[in-house]
Each structure stands twice: as structure tokens, then as C-alpha cells.
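Colleague: As you go down the protein sequences, you meet chains X and W in turn.
Its first residue numbered 1, the first sequence is counted upward by one per residue in my numbering.
Its first residue numbered 382, the second sequence is counted upward by one per residue in my numbering.
I should point out that these hints are in silico values taken from the structure, not numbers from a laboratory.
For each residue, glycine too, the CB sits at the ideal point set by N, CA and C.
Among the hints, erroneous ones may be present.
[What the hints assert, rightly or not] Here chain W is said to cover these stretches of chain X; the calculated rule only asks that three of the stretch's residues, wherever they fall, bring their Cβ under 8 Å from a Cβ of chain W: (1) 49-63; (2) 90-99; (3) 131-145; (4) 195-203; (5) 243-254; (6) 361-373.
2 protein chains.
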Amino acid sequence: MRQVAILGVGQVPVREHWELSIRDLAVQAARAALEDAGLERADALYVGNMTGGTLNQQRQLGALVADFLGLWGIEAVKLEAACGSAGSTMRQGIIAVASGEREAVLAVGVEKMTETGGQNTTTALVGAADAEYEGIQGVTFVGLNALIMRRYMHEYGYEHVDFAPFPINAHANGAHNPNAMFRKPITRATYEKGRMVADPVSLFDASPIGDGAAALLLVPAEKAPDAVRVLGSAVATDTLAIHDRKDPLWLKAAEESAARAYRQAGVGPDDIDLFELHDAFSIMAALSLEACGFAEPGEGVRLGLEGEITPQGRIPICTMGGLKARGHPVGATGLYQLAEATLQLRGAAGAAQIDGARVALTQNIGGSGATIATHILGRTE
Amino acid sequence: MRQVAILGVGQVPVREHWELSIRDLAVQAARAALEDAGLERADALYVGNMTGGTLNQQRQLGALVADFLGLWGIEAVKLEAACGSAGSTMRQGIIAVASGEREAVLAVGVEKMTETGGQNTTTALVGAADAEYEGIQGVTFVGLNALIMRRYMHEYGYEHVDFAPFPINAHANGAHNPNAMFRKPITRATYEKGRMVADPVSLFDASPIGDGAAALLLVPAEKAPDAVRVLGSAVATDTLAIHDRKDPLWLKAAEESAARAYRQAGVGPDDIDLFELHDAFSIMAALSLEACGFAEPGEGVRLGLEGEITPQGRIPICTMGGLKARGHPVGATGLYQLAEATLQLRGAAGAAQIDGARVALTQNIGGSGATIATHILGRTE
Chain X
1 MRQVAILGVG
11 QVPVREHWEL
21 SIRDLAVQAA
31 RAALEDAGLE
41 RADALYVGNM
51 TGGTLNQQRQ
61 LGALVADFLG
71 LWGIEAVKLE
81 AACGSAGSTM
91 RQGIIAVASG
101 EREAVLAVGV
111 EKMTETGGQN
121 TTTALVGAAD
131 AEYEGIQGVT
141 FVGLNALIMR
151 RYMHEYGYEH
161 VDFAPFPINA
171 HANGAHNPNA
181 MFRKPITRAT
191 YEKGRMVADP
201 VSLFDASPIG
211 DGAAALLLVP
221 AEKAPDAVRV
231 LGSAVATDTL
241 AIHDRKDPLW
251 LKAAEESAAR
261 AYRQAGVGPD
271 DIDLFELHDA
281 FSIMAALSLE
291 ACGFAEPGEG
301 VRLGLEGEIT
311 PQGRIPICTM
321 GGLKARGHPV
331 GATGLYQLAE
341 ATLQLRGAAG
351 AAQIDGARVA
361 LTQNIGGSGA
371 TIATHILGRT
381 E
Chain W
382 MRQVAILGVG
392 QVPVREHWEL
402 SIRDLAVQAA
412 RAALEDAGLE
422 RADALYVGNM
432 TGGTLNQQRQ
442 LGALVADFLG
452 LWGIEAVKLE
462 AACGSAGSTM
472 RQGIIAVASG
482 EREAVLAVGV
492 EKMTETGGQN
502 TTTALVGAAD
512 AEYEGIQGVT
522 FVGLNALIMR
532 RYMHEYGYEH
542 VDFAPFPINA
552 HANGAHNPNA
562 MFRKPITRAT
572 YEKGRMVADP
582 VSLFDASPIG
592 DGAAALLLVP
602 AEKAPDAVRV
612 LGSAVATDTL
622 AIHDRKDPLW
632 LKAAEESAAR
642 AYRQAGVGPD
652 DIDLFELHDA
662 FSIMAALSLE
672 ACGFAEPGEG
682 VRLGLEGEIT
692 PQGRIPICTM
702 GGLKARGHPV
712 GATGLYQLAE
722 ATLQLRGAAG
732 AAQIDGARVA
742 LTQNIGGSGA
752 TIATHILGRT
762 E
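Can you build the whole structure from these sequences, using the hints too?
Modeller: This is the structure:
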């Protein structure tokens with residue numbers, strides 16, 4: 001297997017794009033990635049998306065996007081793993097290039113969540129959970145995360161306000177990202193005033209959904225010696241329903257996929273300069289930090305309280321706003337994370353730049369931890 | 382890239398399985414494939430499915446199926462390309478093994494179309510087309526195929542009854558397949574009495590939807606010297622909407638993917654002993670035969686009239702019943718085709734056996750030809 005490099009990055013700002021369809025979003029991001037790479041064509045297209053079948057009535061997004069990119073004939077397919085769809089898409093794109101099967105692969109994540117043809121977004125999102133054992137109880141996806149957060153607070157003795165550093169850091173960082181949906185820092189007072197969505201998940205603990213698309217153009221590293229490299233790539237799974245896990249507070253698929261990615265990259269948590277984690281909910285940020293070796297179980301929240309997750313801290317997270325400030329177009333998120341990490345490693349993250357960033361970790365979570373895609377990217381020089 | 386072999390085959394009979402959920406269907410087929418291969422585990426799982434997000438409220442089928450197979454932790458993802466989902470799934474499974482990344486991959490196709498939680502199946506299926514340019518006109522997926530069939534009849538001067546050999550052959554062959562939904566031969570008189578669904582597509586020109594799952598266990602060929610080999614594998618795309626094609630009667634993605642697969646396998650149409658084609662509609666059978674080099678444009682129907690598509694003919698098609706008699710659980714179909722071709726090459730097709738079959742072609746079509754997956758399988762000895 002040969003090494004893979006990221007030659008092009010394309011992003012559509014996360015917004016409520018009432019004037020853009022799912023095809024427009026995907027095509028804009030993919031074109032931007034091609035342009036950034038200085039290429040006219042890709043020879044395969046992998047599209048990550050979660051709700052397009054229901055909300056946009058499209059069940060063949062690979063062909064659709066290839067068609068409107070003018071890349072007629074190329075191999076294309078859509079991949080789905082709930083909110084982990086785009087991370088899983090990156091993974092398959094990497095295998096296609098690493099194997100020697102492809103020379104230039106577009107990995108695109110896209111989600112169109114406004115204008116849903118009368119379909120209910122909350123209902124579509126609970127498809128991330130187990131429909132027959134969780135969804136059927138009437139629990140929403142926010143509700144499932146509320147159960148986990150409540151258990152964590154009980155188990156480790158935290159108060160709600162202890163989670164404040166996660167959204168405060170995300171919104172402070174997002175203010176520097178032109179592609180972020182929200183670019184206004186928040187204070188601890190703002191956090192405390194946030195209304196409850198599903199107790200104890202308040203407004204600022206839950207990421208906003210949105211419309212968006214992000215794309216990367218992948219090539220063999222020997223063809224792009226200066227480009228950011230993929231050092232590690234792994235997807236692991238866990239039980240779909242939370243009640244089937246031995247410990248609902250441990251992201252086993254995060255631990256497992258991170259372990260594989262660390263092994264491939266030959267690095268460990270101490271070598272990571274920034275971590276684009278999946279803060280769909282504040283509790284998920286804490287659990288990711290713990291499962292990836294940055295904190296002991298129950299100590300992820302403490303890392304926030306001690307200021308270690310900010311750009312100046314030991315492990316900067318959500319450096320471009322994370323899911324909370326950049327926004328969470330569910331099936332696109334994993335590729336936004338990878339796009340942002342690539343910009344950081346290029347030194348092209350503008351005011352959000354982490355000085356001297358050389359190795360970045362990204363982690364994209366499907367459901368309450370059932371599919372987790374972990375990637376490690378590195379600078380060459 | 383190393384060669385890939387098919388070590389295990391598993392199928393659930395296509396039926397209206399009112400007592401089985403989408404997870405049950407997928408798990409049963411996958412377990413059967415593992416058992417057939419004599420293996421306890423696979424190290425990755427690729428699941429093909431089209432409508433599960435809407436009809437079954439599951440948007441993370443990879444993790445769900447891995448979970449209930451007891452394969453906790455393994456990499457898993459769902460792939461979607463409308464009715465071409467399972468062929469595309471096989472393709473990614475092959476790349477994973479051929480690349481050296483994986484040693485034992487389960488490729489599973491599954492669809493659960495009865496009990497749809499109040500959702501409309503016809504609406505879900507039109508997601509195979511372009512929602513904004515085709516679906517919005519109110520056209521159904523059968524309606525789109527009716528437009529193509531009408532045009533073909535007009536262009537080449539055929540009558541409706543000239544298409545009779547396709548369903549007659551399919552139903553005659555399906556009678557020998559225990560996994561087929563319909564096991565009763567039909568006559569020309571039955572065909573002529575079939576009521577119109579969307580003129581000129583009559584009841585026997587359209588395949589029945591159903592519940593089902595089929596699975597293959599893929600390993601490196603060096604580990605299974607006697608197993609059926611994958612000789613060629615390709616996916617190509619075309620415009621999603623029919624009106625965007627220069628010629629609506631030519632399946633460009635079939636021609637292109639077949640050309641790639643022939644090249645990889647080092648064979649041509651004359652070397653093919655049987656062809657499991659995508660007869661979702663009679664017209665698609667004709668167009669597939671033409672695009673893959675078995676007939677000149679406009680002559681696919683003639684091949685049927687001349688008896689060349691039967692088990693005794695020049696190019697036996699739909700040898701286990703095809704989509705029409707086996708049934709068409711949309712996102713599972715591509716893997717049923719591959720499972721059936723594998724059984725034929727093993728000499729294990731029972732009364733449906735094509736004598737001396739050594740090389741088989743399979744072709745799985747998403748939408749009206751927008752994503753087409755073509756595979757060539759071969760016997761070793």
C-alpha cells in the first residue's frame with residue numbers, strides 16, 4: 001500500500017443555504033478541491049451523506065454528483081454511517097488510492113437539511129440510533145446524548161457548568177473561520193443562560209445542523225511530495241444501541257480506531273498538535289479525549305476546565321470551531337474536520353492557525369459511538 | 382493488487398418476510414456466507430442497501446449488522462447507488478481485499494420493503510432518479526422505464542409481445558431456484574394477458590420488489606486456490622437523468638464498466654458462459670445485452686426471440702430467475718446475482734445448472750443506468 005497525500009481542499013460555508021440544492025453544495029465543494037489541487041479531473045468519487053434519501057429524495061448521490069461535475073463515466077458511490085459518513089468516505093477514498101487502483105480520488109461529504117420536502121429532520125437523525133430498540137421508544141438523538149451526559153455527571157461528580165469550556169473554546173475558535181455557521185464567541189454566562197434541549201444537554205451543548213459540503217482530493221504521495229500526508233486511517237464499530245455496551249461512558253470504537261491510526265502513523269497522543277474531534281454534543285468531546293488517550297476516564301471534562309483544549313493548551317481541539325460553531329451538516333462533518341486539519345498543517349488556517357502544527361488527529365463519530373473514523377494527518381517538511 | 386476469491390455464499394430466499402427485520406435478513410445471509418466459507422469472522426463488512434434510511438429508519442447499517450453478527454469492533458460501512466448498491470458494495474469489498482488491507486471481507490446486500498413504517502415504497506424508489514428534474518414531474522421509476530421501452534419499440538420497430546422471451550426465460554429458470562420469489566413458469570399467453578403497469582411496461586415486464594439479503598465472503602485468492610475467482614470488477618456512471626443522455630437507448634455505463642471488466646479478465650463476450658443481468662424491466666435486459674457486446678443496438682430483443690438467452694442458447698441470462706422471478710430486493714440484488722453466478726461456477730446450481738460454466742458475467746444497474754457495476758467471475762480448474 002502506498003502513502004496518500006491530500007492535494008486539494010474545498011469547502012462550502014456551513015449555512016442555511018436555501019438557494020442551494022444537495023447537488024449544488026457537493027459540486028461547489030468538489031470543484032473547489034479540484035481547483036485547489038490544480039487538477040481538471042478525478043478518476044473516482046466517494047460521496048458521504050446521511051439523510052439525502054429521505055430529506056432530498058436522492059438515493060444515488062455518487063452518480064448525481066459525478067454527472068454535475070462533468071466527470072461522466074467515472075466510478076462513484078455514496079457511503080453512509082450516520083454522522084460518521086464523511087470520515088468513512090475518506091477511509092474508502094484512501095484505500096482506493098493506497099491500493100494503486102486510483103490516481104486521483106474525490107472524497108466529498110454533503111448534507112442538505114433545510115428544505116426537506118416536508119420530512120422531519122429529527123426523525124431522520126434518529127436513524128443514527130437503533131430504530132427497533134432505541135428509536136421506537138420515542139427517544140431523540142439529543143435525548144440519547146442527554147442520557148450519556150447525565151450518567152457521566154453522576155458517575156464522576158460534575159456539574160452542568162463544568163462542560164462550559166467545550167462550547168466556549170469552540171465558539172472562540174469558530175470566530176476565525178469564514179466557513180463557520182456561528183462566528184461569535186460566547187462566555188460562561190451565555191452558556192449558563194442556554195435553554196435546555198434535553199436535560200442536561202442545553203443549547204450550547206448541542207451542535208447546530210446545517211447545509212454544507214466539504215471535499216478533499218487524494219493522490220499518491222509520490223505525486224505530491226509537499227502535500228499534507230495521511231499517516232493513519234481507521235474505522236471501527238461498536239454496538240449500535242447504547243444499552244448493549246458494557247460501559248456507556250467509554251467509546252470503544254474511538255479507542256480501537258485511534259489505536260490503529262496511532263500504530264500506522266507511529267505516533268501517540270503526545271505527538272498530536274491539534275485534534276478535530278466530534279463535539280456534536282459536549283459530552284462526546286469529553287469521551288473522545290478520554291478514548292484517544294488525552295485524559296483518564298472521567299478526566300476529559302477536567303482537561304477543559306484546566307484550559308488544555310484551547311489553542312494555547314496541551315491539546316487544542318475544534319480549532320476552527322468544531323461541530324458547535326462551524327456547524328454540523330451531519331454526513332459532511334467528517335470531511336470538514338479533515339479539511340480544517342489539512343489547512344492547519346499547511347499553515348493556512350488564518351487567525352485560527354495553531355503555531356507549528358505538524359501532526360493532526362481527526363475523529364468522526366456515527367451515532368452514539370457506533371461507527372468511528374479516526375485519521376492522522378502530517379506535514380512533510 | 383492481488384487476486385480475490387469468493388469463499389462463501391449466503392442467501393435468504395426473496396419473499397415478503399413479515400417476520401424478519403432488515404437486521405435479521407442481513408445477519409442471516411452474512412452468517413450463511415461465513416458458514417459456507419468455514420470461517421468464524423470477517424475483518425471488514427460492506428453493506429449495500431438503498432431504502433433503509435426511509436423505510437426502516439436505519440442510517441448506520443454497517444455498524445448495526447456488524448453488531449448483530451457479533452463482529453464487534455470491525456470496520457463497517459453502508460454503500461448506496463440505488464438498485465446498483467450491492468454491485469457497488471462488492472466492488473469496494475474487492476478493492477479492500479485486493480489492496481492487501483483486508484484478509485476476509487463480508488459483502489452483504491439487504492433490502493426490507495414490506496413493513497415500511499407508513500412510508501411509500503414507490504416514492505422511495507424514485508430516489509433512483511433525479512429528484513429535481515425527473516421525480517418532481519411526478520414520474521415513477523416504472524414510468525421512466527416505460528418511456529425508454531416505448532422509444533425502443535418505436536426506434537427499432539418491435540411490438541410489445543416481442544419482449545415476452547425475457548420474462549418467459551426468467552420464470553422458467555426461477556422455477557429451479559429455491560431462493561426465488563416466484564417459481565412458476567409462464568407462457569406467452571400469460572405474458573400477453575399481463576395487465577399494464579405503465580404502458581408499455583406490463584406486469585411481467587417489471588420485476589417484483591421483495592425482502593431479501595445475499596452475502597459473499599471475499600478472501601485473497603492465494604488462501605483459497607479452489608474457490609471461484611473475481612476476474613474483473615468495474616463501476617462506471619452515466620448522467621442521472623435520462624434526458625441528459627445523447628442516446629436514451631444506450632447504456633453507456635454498462636458499455637464502459639463491461640469494457641473495463643473484460644480488459645481486466647482478458648476475455649470478451651464470446652468467452653462468457655452465462656450472464657446474470659439486471660432485468661428489473663424487460664427493456665433493461667435488452668439494453669444490457671447490447672451494451673455488453675452480445676447484440677448490436679436494437680438487436681437485444683431479437684436475441685430473445687431467437688432463443689439465444691435460454692440455458693441452451695448462445696448466452697444464457699437470468700439463469701436462476703433474474704430479477705423477475707427471483708425478485709428484486711433493490712439494494713440486495715447485485716449480490717444475489719453474484720451469489721448465483723458463484724453457485725453456477727461451482728457447479729452447485731442444481732436444476733438451474735448451466736453445464737460446463739467456467740466464466741460468468743454479472744451486471745447490476747442503479748437507476749435507469751446511472752451507476753452500473755459489472756463483474757466477471759471464473760472457475761479455477
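Colleague: Which hints, by number, does the structure contradict?
Modeller: 4
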